[in-house]
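As they're listed, the protein sequences go chains A and B.
Count along the first sequence from 1, then add 497; that gives the number in my numbering.
Count along the second sequence from 1, then add 497; that gives the number in my numbering.
These are calculated hints, taken from the structure and not from any lab test.
Any given hint could turn out to be false.
No copy is singled out in the list; a pair is fine if it fits within one copy or between any two copies.
Listed next, the in silico DSSO-like pairs over lysine-lysine satisfying Cα-Cα at most 27 Å (straight line) [what the hints assert, rightly or not]:
1) K1098 <-> K873
2) K1164 <-> K1094
3) K880 <-> K1071
4) K670 <-> K1094
5) K1094 <-> K880
6) K521 <-> K868
Number of protein chains: 2
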Amino acid sequence: MSSYLFLIFFSILISIVVILFLVKYIFSQEKGSEQMQNISNAIKEGAMAFIKRQYKTIFSLALITVLLIIIANYFGNLSKGSNIAFRYAGHVGIAFITGALCSGLSGYIGMYMAVHSNIRAAAGAKKGLNSALTIALRGGAVTGLAVTSLSLLGVTILFLIYGGMSNNDILIKEAPSLIVGFGFGASFVALFAQLGGGIYTKAADVGADLVGKVEAGIPEDDPRNPAVIADLVGDNVGDCAGRGADLFESTAAENIGAMILGVALYPVFGWKGILFPLVTASVGIVSSIIGLFFVKADDNTDNPMTALYRGYLVTTILNLIFIYFIIKSMFSGNLPNGGNIKCFYLYLCAFSGIALSYIFVLITDYYTSYKYRPVKSIAEASKTGAATNIITGVSVGMESTALPVLAVSIAIFASYKLGEYALPNIANGGFYGIAIATIGMLSSCAYILAMDTFGPITDNAGGIVEMSGAPDEIRLITDKLDACGNTTKALTKGYAVGSAALATFLLFFAYLEQVKTILGRPLDSVFPVDIGKSEVFIGAFLGAMVVFIFSSAAIRSVGKAAQYVILEVRRQFKEIPGIMEGTAKPDYANCVDIVAKGALKEMILPGIIPITAPILVGVILGKEAGAGFLMICTITGVIMALFLNNGGGAWDNAKKFIELGNFGGKKSETHKGAVVGDTVGDPFKDTAGPSIHVLIKLVSTLTLVMVSLFS
Amino acid sequence: MSSYLFLIFFSILISIVVILFLVKYIFSQEKGSEQMQNISNAIKEGAMAFIKRQYKTIFSLALITVLLIIIANYFGNLSKGSNIAFRYAGHVGIAFITGALCSGLSGYIGMYMAVHSNIRAAAGAKKGLNSALTIALRGGAVTGLAVTSLSLLGVTILFLIYGGMSNNDILIKEAPSLIVGFGFGASFVALFAQLGGGIYTKAADVGADLVGKVEAGIPEDDPRNPAVIADLVGDNVGDCAGRGADLFESTAAENIGAMILGVALYPVFGWKGILFPLVTASVGIVSSIIGLFFVKADDNTDNPMTALYRGYLVTTILNLIFIYFIIKSMFSGNLPNGGNIKCFYLYLCAFSGIALSYIFVLITDYYTSYKYRPVKSIAEASKTGAATNIITGVSVGMESTALPVLAVSIAIFASYKLGEYALPNIANGGFYGIAIATIGMLSSCAYILAMDTFGPITDNAGGIVEMSGAPDEIRLITDKLDACGNTTKALTKGYAVGSAALATFLLFFAYLEQVKTILGRPLDSVFPVDIGKSEVFIGAFLGAMVVFIFSSAAIRSVGKAAQYVILEVRRQFKEIPGIMEGTAKPDYANCVDIVAKGALKEMILPGIIPITAPILVGVILGKEAGAGFLMICTITGVIMALFLNNGGGAWDNAKKFIELGNFGGKKSETHKGAVVGDTVGDPFKDTAGPSIHVLIKLVSTLTLVMVSLFS
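Throw the hints in and build the complete structure from the sequences for me.
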């Protein structure tokens, strides 16, 4: 075991060294003109003020929750004796707090790096595209590496402390399910971080766009718009802090779920089955670091995406190679009768996971890029106004769920079958195949996250350049990077949904294992979740419904908060003379403040729904109904998130397509219709959609932590 | 048995007599001025031409399908010997054809009565509100009674022919599952009728509104709008023909599902359990007739809904009384040990179903009427434009799914438990409770359908009055009735979704019974549909996805067809001078023709999805996965339909609320924003939503008919 542990800690060490190097690199870059710095500072202050307030709220809620968890786990396990119950409750509680703190830290790092990289990327654009691209990507890379390393470190250390270090089989096998609290803590913080940030960013964006672009007819990021700083702050608190926390808990949840499956296969693989996810994750970090250093763009390129794709390709190829050797080294000795060919089957599972992430990226690109039919059809529909734009966009978004669902279904089916071939006659062999696929999919997580955080950094850099009145050639560079950042943001969301679907399937399995343990049934028995039973059907029905009302609450919150912004901007235009002529400065800070207050107020209600609903279902209708709730909530959640993310992305790019001069170009009636679609899509793709990723993982970790309470 | 059969046929006879009386009454009414008749004739011709073309397409598709069913059932049952296989295949095939023909006939009757009642209701408005109301409701009543009687007659006769008349237990028990083809045939026609009609009506409506109201600034139903006749035709082909076929198959599916459950309880109730749904349905027809004659409105009333509610109340109370005696007379002898109290438990099941229909009506009213918060919030959001109107509307629509899902869940839970109390230690007793609840809910179907068809009749009457330039006081009457019709249409949709949810649960049960029969397992054994198995999960995943892509296809079809209309109307405005001044007549017929062609072309793709998908899942992934598909498709379908129907209804009434003078009234910027929302809601509430009702019943009857093919 020690050599694998060494590998894990060594990768984390490498990651820390690289992070320090990248941070030093970024902070050594130029910060540009004083005007640019002023703008950047305003963004920084707004973002930091918001995150501090937000964390205060979140951690107050977390404190109540951890008490409830500890009490629930104490009394739920009391039948095993008060000592054991106390130990369980304590472990789960500590894991929750650790997870919550790490998740919060991940979000903070993401935002801190973003607000310091944006100004430097903006200044770097003066030197050329590659310079700006490198700064923005390296800023993102710090987040990507920090998040994945932190997740890996947290899970590994908890595993070792909770029994992994002992030589006691029983303790080792018990440890993974005690770490579930870590995943729940992470999901808990991620949910509110994503909701609050998502509401903030879109309320500001929608508000700024509606009054600025549509009513006053001034361009995006125009300094005359009082909400423009709030809009730029929003990109940081929503996309960086939120997504960082989201993917932090994705990796944590996936690792924990796979480890619990490893426990189920303990008779075959021993501790290796449990440690395998962590080893792969550590190798994935190293691959991502290497991939990052392969990114280099020609200063004259029109499409910087090519450079980013190159790094992704390198990461993927390295992962494909590394994982092969890991599987061979860890498992071949434990697979009698044709160990090599069976190892290869397991390897194919990982391959199908990696392939799935590529396919998701391709499908998302198809549905959200203006090179293809879907976005073009929305743009064309805008010719007949906003209504047909919306109708077509909704239709495209719903259609876009088909291929990803098919792809996930095929990946699950294939890796299940491959797992069965590799581990014939072994209970849950097929599920371990799915676990390996999930591990494969998430192996490139650090790189993907770097690309994702790249998005808001370039977005902000563009905003700073625009607002400081920089020359056109620099704007051209940041525009290119901004477009590229929009693409990476959309792709990452696809990746996040796909991995959430797989990770939840693992956690669902873990839930069933847990139920069997509680009921005292053998772990290789079957606990069927029979959807034909009326209470399971009801649980499933409610699980699907929760996705709809959660989305409703999230979207409504944006609408409400946006209306505050709109009224404030209108007020400023009316009461502060000279804004439009550029002779008076709008009161940016007041807008920032109004959005922050609104977002924090509005995030509570949608956040409470997914926390209370599964507990109520489990307590009232029982464990099997709880499982039905979990599964159908996941299914509906994945599909709804695809609809919201892709629909929103498609509307956004349909507008961009028109702005490039198609169908009448900017300021035409067609464009006005498209702006409505873009605005509607904003809360879909940046608030409700990403929050649903978190929701489905939250529900699965929550039910796991609370299952001992269920009737 | 014969006395109950006598009751059934006697009710059908009464229904026929009343239908003849109502038809005579309607055709004896005045037809108004020549100008009104011209308009009415144009509508009539357009509608009849469309339905003829549509039926030609549908029945060609049905012919292919029936051949496939016969072949599938022949080979699927071949293991039982070729004679039996031949008999099965023949029975299912004949049932399919009968169901398809009856469903088509229902739609035709609905439309025929509507196009002949509209002009008479318009003329009746001259005499006063009550006269117009009575004509419109009686026109609707013909449809309501014809549809429910036809469904009852078809199922009863097939049951008797297929074995019900014999004294052979085995044949009697076999008969209900052979009638399933009737339900499938009905669903098949209903799907295309609803899709084609729904696309037609909304393409015309969206097209007419966008160019007429928004671009040219002329009011709704203005004769200068070239698409105005197509719009009025659409109300008939979509709302009358479509909804008639929809509810026809709802009652058929529910009766068949409940009869199959009756077979499962044969040891307890004998043939009575099978006949109970038919007896209740027949009594429900009589109650509805009596209820209809209680509708009488004061000519000066502001709210004709009160009169309609009175009839509904009478129908419900009569049903509550009748059902009590039916249950007592049919079941008390078969329930040993406290038969009376157990009968009362069963009666409470029926009560919970009836209560559920009331609750659905109340919830729908809350979410779609402008008296309450949801619609008002949409209207208010329109102050900041179309985008916030859409965002708020989507949010309201999603929120509106919560209470209905909770209500259905409680009804299922309660009637299941009551069924278990009534039939302790008897397998499937709980499910029979759910069956009784469903029967209770659908007992007032004839009345509900009459109210529903009342909607498009008054809508058309209003259009005729408007176009013929009638005086203001007559318009005021038709406006009141039109508003009332909008309400009844919305309420009926809620009722249709709720009953579809319950009916599908019965059919799901029937599916499991069928699977057990095929596998040779005892009927009181459990065939678990374990959602934890990977292939069942995949089936479920695909089932949810199909709802999204079906909705996408349906909505897109409207968008496409609407664009033809928009371009045609713009062309006419440009090429025919004098339309706007009223000196030249637009070419209505060309618009009608363009929409018809477009609708028929566009209905094929969305129609094919739900027919092929479940078969593929069943054949590739097996019977259990097929069941997973069916259940999750139902769950997602019900919720999606609620979202689409209620969202659409809320947008519609938010616009109406503004038109009453709120937030700036007609022609304000707020109103323009609300018109966009109304237009977006049109395909939601009148095409995709109602088609999903049919979809979920189609999937359940289809899987039942095809289950012998599943692996």
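Evaluated hints:
no.: 1; hint: K1098 <-> K873; result: between (38 Å within a copy, 22 Å between copies)
no.: 2; hint: K1164 <-> K1094; result: neither (33 Å within a copy, 35 Å between copies)
no.: 3; hint: K880 <-> K1071; result: between (32 Å within a copy, 17 Å between copies)
no.: 4; hint: K670 <-> K1094; result: neither (46 Å within a copy, 66 Å between copies)
no.: 5; hint: K1094 <-> K880; result: between (38 Å within a copy, 22 Å between copies)
no.: 6; hint: K521 <-> K868; result: neither (38 Å within a copy, 62 Å between copies)
Going down the numbered hints, you'll see the structure goes against 2, 4, 6, while the others check out.
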